[in-house]
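**Student:** Below, each chain spelled out in residue letters.
There are 2 protein chains.
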Amino acid sequence: MLTSNQNNHPKVPEVVVLRLPLYVRELTDMLQSDKNVVSSQQLGERLQMTPAQIRKDLSYFGKFGKQGRGYPISFLVNQLRSVLGLEKEWNCCIIGVGKLGKAVISYTGFNPEGFNIRAAFDDDISLIGQTVGGLYVQPITELEKTIRDKDISIGIVTVPAPNAQKVIDRMVASGLKSILNYAPVGLHIPPGVHIRHVDPLLSLQSMTYYLK
Amino acid sequence: MLTSNQNNHPKVPEVVVLRLPLYVRELTDMLQSDKNVVSSQQLGERLQMTPAQIRKDLSYFGKFGKQGRGYPISFLVNQLRSVLGLEKEWNCCIIGVGKLGKAVISYTGFNPEGFNIRAAFDDDISLIGQTVGGLYVQPITELEKTIRDKDISIGIVTVPAPNAQKVIDRMVASGLKSILNYAPVGLHIPPGVHIRHVDPLLSLQSMTYYLK
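Chains A and B, in that order, give the protein sequences. What the first sequence shows, in our numbering, is residues 1148 to 1359, in sequence order. What the second sequence shows, in our numbering, is residues 1148 to 1359, in sequence order.
The hints are simulated quantities; they were obtained by calculation from the structure and are not laboratory data. Be careful, since some hints might not be right.
Note that the list lumps identical chains together, so a pair holds whenever it fits in one copy or between two copies.
As a list, the in silico DSS-like pairs of lysine-lysine whose alpha-carbon atoms are at most 30 Å apart [said to hold, decoys possible]: (1) Lys1249 <-> Lys1359; (2) Lys1203 <-> Lys1235; (3) Lys1158 <-> Lys1203; (4) Lys1203 <-> Lys1246; (5) Lys1235 <-> Lys1359; (6) Lys1158 <-> Lys1213; (7) Lys1249 <-> Lys1235; (8) Lys1292 <-> Lys1182; (9) Lys1359 <-> Lys1313; (10) Lys1213 <-> Lys1313; (11) Lys1203 <-> Lys1182; (12) Lys1359 <-> Lys1297.
All chains should be modelled from the sequences, with the hints used to inform the complete structure.
**Tutor:** Below, the structure written as structure tokens:
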């Protein structure tokens, strides 16, 4: 679906990259137990994948275990975190500080994982200058400068659907290459930019196929 | 990632099914313009996919256009909506009526698309019996009977992560085959059940790969 033209493993299909965070989460859960090693069979059962698929996915990134011995969990999770860049902190900005934007700003799941919302923007004059979740709401005209000054690399879009494309064009023009989009609308981005949609409606619509 | 063992086109990969709602959304947008026909090239540009990928995806479901003529938009969108079962209404229940559950219940994007939340459950005695967004909060003990009585086929999980697996086991035991999960946790479901995760953290983690 999306192009991937700037990474260390140029032949990794995006569908594999999309699965890596699931591996990280599952393996991190396993670290809580007293297991040290996991087989592709066991990991497959937990993730509803075949062992062959798991071995193939992981083989893109190196050799993580010896044949028949399973993967050392702690080593594997650290390697995958490194592949995904999760050992670093990432600064984000959010555009759209309405009801949805406020909910995303107050969401407590990002910060502990190293994703920090550092700036908030809106074009509603009644919101600009207010403080939301500790963030001072800025006019969108300050986007480019703020991205540079605060070393922001991820943009979060929480504007209404009709405004989303315009906002994303502006983010892309300001140099952002990763966009998390909450607006329920199809969007067009140039090659080299990655976008993920948080869209529960699309998720529902892809399950009814199996319900008919 | 997920098994697909009950559908009309048994060989369709799940990754294709996941893309169908995106086609429907894009084509529906196009209907607003005065175009009647779209080529796989044009559709590909809008969705950031190759024309070959689009032709292959659509070929699973029949012949939608003549070689070199493009696809008739209105016909194609209706066919895909039918493939996905979107011409019907689907009843959902939600388990977990805390802050997140309340936000999902009040989300206005589901209803116009035929997804109706018909019942709400919680195990918090202080919530049971209250009314949230027009829904009477029921104890989880009434789940199975309510699913039957109200013809519910989709379960929405908005409980805290540590409770999610227990709730999903109960949904599956009650006969639900489609689950939309908002809890940020890995979950285990049996074959034949489909789950989609609404998890912005996983989305962010799959983009940092390209940012390193």
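**Student:** Now look at each hint and say whether the structure bears it out.
**Tutor:** Here's how the hints hold up against the structure:
For the identical chains of this complex, Lys1249 and Lys1359 are inter-copy neighbours only, at 28 Å across copies versus 37 Å inside a copy, given an alpha-carbon limit of 30 Å. In this assembly of identical chains, Lys1203 and Lys1235 lie within 30 Å of each other by CA distance solely inside one copy; the values are 26 Å within and 39 Å between copies. Proximity of Lys1158 to Lys1203 under the C-alpha cut-off of 30 Å is found in both arrangements, the shortest distances being 13 Å within a copy and 21 Å between copies. Taking the shortest alpha-carbon separations for Lys1203 and Lys1246, neither the intra-copy value of 42 Å nor the inter-copy value of 40 Å comes in at or below 30 Å.
For the identical chains of this complex, Lys1235 and Lys1359 are inter-copy neighbours only, at 9 Å across copies versus 44 Å inside a copy, given an alpha-carbon limit of 30 Å. In this assembly of identical chains, the alpha carbons of Lys1158 and Lys1213 lie at most 30 Å apart only when taken from the same copy (23 Å versus 34 Å across copies). Taking the closest pair of Cα atoms, Lys1249 and Lys1235 come within 30 Å of each other only inside a single copy of the chain (25 Å); across copies the shortest separation is 33 Å, beyond that limit. Within a single copy, Lys1292 and Lys1182 get their C-alpha atoms no closer than 48 Å, and across copies no closer than 40 Å, so neither meets the 30 Å cut-off.
Taking the shortest Cα distances, Lys1359 and Lys1313 sit within 30 Å of each other only across copies (27 Å), while inside one copy they are farther apart (37 Å). When the C-alpha separation of Lys1213 and Lys1313 is checked against a cutoff of 30 Å, the pair qualifies neither within a copy, at 50 Å, nor between copies, at 35 Å. When the C-alpha separation of Lys1203 and Lys1182 is checked against a cutoff of 30 Å, the pair qualifies only within one copy, where the shortest distance is 23 Å, while the shortest distance between copies is 43 Å. With identical chains, the CA atoms of Lys1359 and Lys1297 are at most 30 Å apart between copies only, with a shortest distance of 17 Å across copies and 49 Å within one.
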